[in-house]
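All chains, please: the whole structure from these sequences, using the hints.
There are 2 protein chains.
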Amino acid sequence: MSIMVLGTVALDTVKTPFGIRRHMLGGSAVHFAMSARLFADVNLVAIVGEDFPQRYIDFLKRKSLILTSLIRTTGKTFKWHGKYERDLNTALTLGTELGVLLSFKPAVSDKQKNIKHIFLANVDPDIQKHLLGHMRSPHLVGLDSMNYWMKHKRKALVQLLKRVDIYVANDAEARDLSQEHNLIKAARRLRSLGPRMVLIKKGEHGVILYSDKFIFSLPAYPTDKVVDPTGAGDTFAGAFMGYLTKVKRIDESSLKKAVVYGTIAASFNVEGFGLNKTSRLKIEDLEKRLCTFKRLVSF
Amino acid sequence: MSIMVLGTVALDTVKTPFGIRRHMLGGSAVHFAMSARLFADVNLVAIVGEDFPQRYIDFLKRKSLILTSLIRTTGKTFKWHGKYERDLNTALTLGTELGVLLSFKPAVSDKQKNIKHIFLANVDPDIQKHLLGHMRSPHLVGLDSMNYWMKHKRKALVQLLKRVDIYVANDAEARDLSQEHNLIKAARRLRSLGPRMVLIKKGEHGVILYSDKFIFSLPAYPTDKVVDPTGAGDTFAGAFMGYLTKVKRIDESSLKKAVVYGTIAASFNVEGFGLNKTSRLKIEDLEKRLCTFKRLVSF
Numbered sequence: 001m002s003i004m005v006l007g008t009v010a011l012d013t014v015k016t017p018f019g020i021r022r023h024m025l026g027g028s029a030v031h032f033a034m035s036a037r038l039f040a041d042v043n044l045v046a047i048v049g050e051d052f053p054q055r056y057i058d059f060l061k062r063k064s065l066i067l068t069s070l071i072r073t074t075g076k077t078f079k080w081h082g083k084y085e086r087d088l089n090t091a092l093t094l095g096t097e098l099g100v101l102l103s104f105k106p107a108v109s110d111k112q113k114n115i116k117h118i119f120l121a122n123v124d125p126d127i128q129k130h131l132l133g134h135m136r137s138p139h140l141v142g143l144d145s146m147n148y149w150m151k152h153k154r155k156a157l158v159q160l161l162k163r164v165d166i167y168v169a170n171d172a173e174a175r176d177l178s179q180e181h182n183l184i185k186a187a188r189r190l191r192s193l194g195p196r197m198v199l200i201k202k203g204e205h206g207v208i209l210y211s212d213k214f215i216f217s218l219p220a221y222p223t224d225k226v227v228d229p230t231g232a233g234d235t236f237a238g239a240f241m242g243y244l245t246k247v248k249r250i251d252e253s254s255l256k257k258a259v260v261y262g263t264i265a266a267s268f269n270v271e272g273f274g275l276n277k278t279s280r281l282k283i284e285d286l287e288k289r290l291c292t293f294k295r296l297v298s299f
Numbered sequence: 001m002s003i004m005v006l007g008t009v010a011l012d013t014v015k016t017p018f019g020i021r022r023h024m025l026g027g028s029a030v031h032f033a034m035s036a037r038l039f040a041d042v043n044l045v046a047i048v049g050e051d052f053p054q055r056y057i058d059f060l061k062r063k064s065l066i067l068t069s070l071i072r073t074t075g076k077t078f079k080w081h082g083k084y085e086r087d088l089n090t091a092l093t094l095g096t097e098l099g100v101l102l103s104f105k106p107a108v109s110d111k112q113k114n115i116k117h118i119f120l121a122n123v124d125p126d127i128q129k130h131l132l133g134h135m136r137s138p139h140l141v142g143l144d145s146m147n148y149w150m151k152h153k154r155k156a157l158v159q160l161l162k163r164v165d166i167y168v169a170n171d172a173e174a175r176d177l178s179q180e181h182n183l184i185k186a187a188r189r190l191r192s193l194g195p196r197m198v199l200i201k202k203g204e205h206g207v208i209l210y211s212d213k214f215i216f217s218l219p220a221y222p223t224d225k226v227v228d229p230t231g232a233g234d235t236f237a238g239a240f241m242g243y244l245t246k247v248k249r250i251d252e253s254s255l256k257k258a259v260v261y262g263t264i265a266a267s268f269n270v271e272g273f274g275l276n277k278t279s280r281l282k283i284e285d286l287e288k289r290l291c292t293f294k295r296l297v298s299f
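The listed protein sequences correspond, in order, to chains A and B. Under this note's numbering, think of the first position of the first sequence as 1, with each following residue one higher. Under this note's numbering, think of the first position of the second sequence as 1, with each following residue one higher.
It is possible that part of the hints are untrue.
The list makes no distinction among identical chains, and a pair is therefore deemed to hold if it is satisfied within one copy or across any two copies.
[Said to hold, decoys possible] Straight-line Cα separation of at most 27 Å, DSS-like style, residue types lysine-lysine; simulated pairs: (1) K248 x K294; (2) K225 x K83; (3) K282 x K129; (4) K288 x K83.
No lab work stands behind these hints, which were simulated from the structure alone.
Given below as structure tokens:
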């Protein structure tokens, strides 16, 4: 089964209490792909500049990602520079260079237009809409966004939510867009904007999945090895969407299992800088930690 | 089975976005007792002043609490005045009048000295120690404290932790006392100070139980009806300790079940001002919501 992810491919410079890494391969689409690939064939729809290292292209190929729609163009690759202090739950952005993202018009092949499972990771809502317009018969569309777009392109984002099955947000974003502080109220309000399901990621506090039929609440995998949480949300979404793509069902039991796989994948992501852990991840690693997790959360 | 709770009996004035209530019956021992009474005979060890309304005494008696060691003396009852704004997770203290608490020396009857299950709710660590010194053969001792004592009586508190089985703290307190931000590291560090188990309450984000043998993480009951969270932590502790007192076992399965009962009891507490909800609670209400909760958190 195939899944398509639209998002960023970035060069990340990240400082945490555990060290600093410069120009690591990162971005929403890459973090998503690194966990989604364990469940499905991942089609990456993104753009990079001429400064994007060939070794990163080779790396993405080795991870079996389908790069047909990864545009390489003149200009600079998108760069993010951030740091985390003692509270590793909160990123402080020190700098952003949009570069080639400014002129990004996603184009997909004729074959890719038939892909049914699509994730619109965090980019400009107009770009997300542009891609969605190309798709012939989407079955399951997930969308992530960020506060910046809620401020600057709120209308476009809200319009887009009508065409989405799952809206994925962190707690701050969910509160911002819904104007509700209580997360259950926030989820209900967001659902009324269109999506069948709302998934609220709370970082170290886990997630809430709010659907038209049920609520599911799950704590994060309790770990004391948080080194760099960058991309944890996208890693979560990758395993979540990947699992649903693989099982081809969207019922209560498969949705819950998808949330669990997302949680486990994210727990690996935070244990190393960038893609350090997730790029080496095997499905057996997920399964093994899932067993441990089950004991930690069931009664 | 009997349980003893040492703590405050207070007159609370609370303002939340849903209204204001003046001089409600509250305090750590009372909130604890209101859920613990569903599982065991609760012996209240506390002090009130001459301004304490007789109707509150009558109320506590109607709830079958054992008031042998509730001292009524000259002076003013302890009063707390606080408010919650949009973020109902965080209390802002507007005023505190310690009153009779300043001269509180708990005294218990000879019969009460044999009680095996004891909860030292939040009061001065010297008062907690004083009571514990009277007890003949405690089997299970729980302790709660607050940032104020960590600042002003840190040494006494740390000494006392050596004699305690379960230390109950909220996330801010756990971070403060352990000097660790990551809650798993914090729990491990706190355990090294003496208690066999550390229970970290994260408000709307649930709890983590860290024991020498296992970790258990549970989200809060997802509710959109948060009216007044005052006493939620004590209500949690009451059901948690009460359940363990009733089943007389402290193994993994009963500890997990105790955390679940604590979670459910706390979810009722926040739905009304003061004791509005918990004073009417029956064990059947807990059981019913527990069934709903199980579906919300299991996979």
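Original post:
For K288 vs K83, is the C-alpha pair at or below 27 Å within one copy, between two copies, both, or neither?
Top reply: neither (31 Å within a copy, 46 Å between copies)
Original post:
When no copy is named, should K282 and K129 be tagged within, between, both, or neither for a Cα gap of at most 27 Å?
Top reply: Classified as neither; 33 Å inside a copy, 52 Å across copies.
Subject >> Within, between, both or neither: K225, K83 at alpha-carbon 27 Å >> reply: Only inside one copy: K225 and K83 sit 17 Å apart there, 36 Å across copies, limit 27 Å.
Original post:
Between copies, within a copy, both or neither: which fits K248 and K294 at Cα up to 27 Å?
Top reply: Answer is both: 23 Å inside a copy and 26 Å across each meet the 27 Å cutoff.
Consistency note: the structure conflicts with the earlier hints numbered 3 and 4.
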